[in-house]
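**Student:** Residues per chain, in single letters:
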Amino acid sequence: MKKQFVTLVQKLNKVTLVMAALAVTTSAFAGNGGGYSGPDLSGVSIPLKVDRAVKYEVFSKAFETCLASGDKSRGITPLLHKVARQIFGAKLTGLSVVANSQLYHEQSSHTLVGVGEVTFSRGEDTVAWITNSFYLDGANGDQQRKPIAMGLNFNHPAKDSTLIDARSADTVLPYLTYDEVVMDKAYDDWGVYSEGEKLYRGFRLVIPGTLIENVGFVTTSRSTDGVSAGRSLPISLNVREYAQCLQSELQRVQP
Amino acid sequence: MLRLLLTILLSSSVAKADCSALASWLEVSRQPDAETPQLRSQNDLVEWNLRQAAAQTVYSQFVSGEMTSKCLERCLQGSPRKGDFFISLQRAFLDGTIAKLKNSRQPVLNKFADLADSERDSLIFRLTGHFGESSPVEKKAGFHRISQSIFMDMTAIPMNEWPIIFIHEVLHSMDDDLYTAVKIYAEEKRVEAFKKNDLGSYKLSEEWLEAGLGRGLWSEYRAWYFTSVMYREGLLDGLWTRIEWMDRISGTGTTSQSLRRHVYAQLDRGFRDPSEGIFNKPEVKKRLKVLRDRYRSERLPPLGHLQKILELK
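One line per chain: the protein sequences are A and B, in this order. Going by my numbering, the first sequence opens with residue 1, and the numbers climb by one from there. Going by my numbering, the second sequence opens with residue 1, and the numbers climb by one from there.
Next up, chain A with everything else stripped away, as it sits in the complex (with noise of 0.2 angstroms):
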């Protein structure tokens, strides 16, 4: 599973790398147009530049924080740090937190879901993970991707195992939608345009739950006649949070 995740991640990032060609700048995040609120209404009749959609790195960096990385400086904690501390606790301490996050990307029922990866090494070894991920279904792989729970890894000799909520992540965590992908074409401030990108238009956030107790991860391990079922462990998955984290970070995120 792992390193299906760290493959998929390769092909995403390769896609991103593609797509991240534009910069948003400050005032275009702003919107220009001017009236916006209070005694101040000055402002231009028609603004000046035209307006483009949101970039697809926007919503990953959103995701990015709210789910796997966090910002210890302004003492935001991410999704996934929560889960990993309710499952090791102290052993923790020490340990080193290696974040990494992409953007799942849903076309054809027009949803995004955060998908990410935290990594906890002691030194040089890596002694779990935890993925909110997804799987290929079948040989189209892209148009097929479907996104799955949570899952939690351990890398241990004696205890190879995957924990696994039955749930779909798209099920359990919040997702934005969106109205239409459109390939804008980079204009400036006068409507010079110049390579195309992947942009979004119309996006509204999605909670599908609040605040989820008992997650219930079912412990797989490795036998002699394949994977078999394990117990339950007692998690709480505050998607209520998670989601009001994405709701300021999609407003303050600037590329």
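I should point out that these hints are in silico values taken from the structure, not numbers from a laboratory. A portion of the hints provided could be inaccurate.
Stated by the list, open to error - Between beta-carbon pairs, the in silico distance windows are:
1) B:A23 <-> A:E180: 44 to 52 angstroms
2) B:T36 <-> A:E180: 47 to 55 angstroms
3) A:S109 <-> B:S134: 34 to 42 angstroms
4) A:K72 <-> B:R261: 49 to 57 angstroms
5) B:K286 <-> A:K72: 55 to 63 angstroms
6) A:V206 <-> B:I309: 15 to 23 angstroms
7) A:E180 <-> B:E207: 14 to 22 angstroms
8) A:H110 <-> B:E283: 34 to 42 angstroms
9) A:E180 <-> B:P302: 19 to 27 angstroms
Backbone N, C-alpha and C define an ideal beta-carbon position, used for all residues, glycine too.
Go by the hints and put chain B onto chain A.
**Tutor:** Frame of chain A, contents of chain B only:
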């Protein structure tokens, strides 16, 4: 000297709050991890509930003027989870504002509050003005026309004005006509035509100019008209006290038509025409002038989707 004394007295009377609202949460958030996953999971829930309660109390203190941003910063100094707290506080501001508006018995404000209530989870809303969370532009609040996201500065906006600014920004997010104008304005064929100074058919450029107004001046007109209506309704309900600049925007007109005309005139005066690039071309200048004169003297732009969802049955 007298002024200095008055300043000291005033500043000490404003920051009445201590950090007691945060004490329980701060204590729990600093506790070491418990022994078992089950206990750790339960502790997370306890921490979450305490944080929500603390955020609601701090919000109430802000509204009543008992808490300031500086005071809150002092309380959270050194907390490794201050960002988590501000995420909860942001939600408390959102929930508290909507709850306040839902107290109204007036028709438009009541309908707006219900709509905002149903949309609250979908709103991309950020509280700014604390610690490193500066606003993206030098405004008290703003609405980004593409991401449809809102920011509001808790330090810069007086609490009596907060609900009015909130109403205004959320109106933008509810305004489908703004979204439509944004899409038309950014259409490649139109931008290309203007880039090449090939204005094409009159219809094409007229539509483009109207879309530009639709996301600029006219979108502000739609939102400020209904902000004015709700401002007046809220005054009747005692939800806020008079705001000088809102009185100026909404005027004294007693009919819907006179209010619309007044709001439009107020905004129209403050919105200048662009004069750079393609807008410097005489052809474009002329068309824009004709368009603006028409709506200034003859008819008003329609209130469109906002009217449909807020006024019509």
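**Student:** Verify the CB-CB distance for A23 of chain B and E180 of chain A against the hinted window 44 to 52 angstroms.
**Tutor:** holds (49 angstroms)
**Student:** Does 34 to 42 angstroms hold as the CB distance between H110 of chain A and E283 of chain B, or does it fail?
**Tutor:** Hint holds: Cβ distance 40 angstroms, inside 34 to 42 angstroms.
**Student:** Confirm or reject the claim that K72 of chain A and R261 of chain B have a C-beta distance inside 49 to 57 angstroms.
**Tutor:** holds (54 angstroms)
**Student:** So the hint says 55 to 63 angstroms: do the beta-carbon atoms of K286 of chain B and K72 of chain A match that?
**Tutor:** holds (57 angstroms)
**Student:** Check the following: the C-beta atoms of E180 of chain A and P302 of chain B are separated by a distance inside 19 to 27 angstroms.
**Tutor:** holds (25 angstroms)
**Student:** Kindly confirm whether 47 to 55 angstroms is satisfied by the beta carbon distance between T36 of chain B and E180 of chain A.
**Tutor:** Since the Cβ atoms of T36 of chain B and E180 of chain A sit about 48 angstroms apart, the hinted range of 47 to 55 angstroms holds.
**Student:** The hint says 34 to 42 angstroms between S109 of chain A and S134 of chain B; measuring C-beta to C-beta, is that right?
**Tutor:** Since S109 of chain A and S134 of chain B have Cβ atoms about 36 angstroms apart, the given range 34 to 42 angstroms holds.
**Student:** Within 14 to 22 angstroms: is that where the Cβ-Cβ distance between E180 of chain A and E207 of chain B falls?
**Tutor:** holds (19 angstroms)
**Student:** For the range 15 to 23 angstroms, tell me whether the beta carbons of V206 of chain A and I309 of chain B fit it or not.
**Tutor:** holds (21 angstroms)
Violated hints: none; the structure is consistent with every hint.
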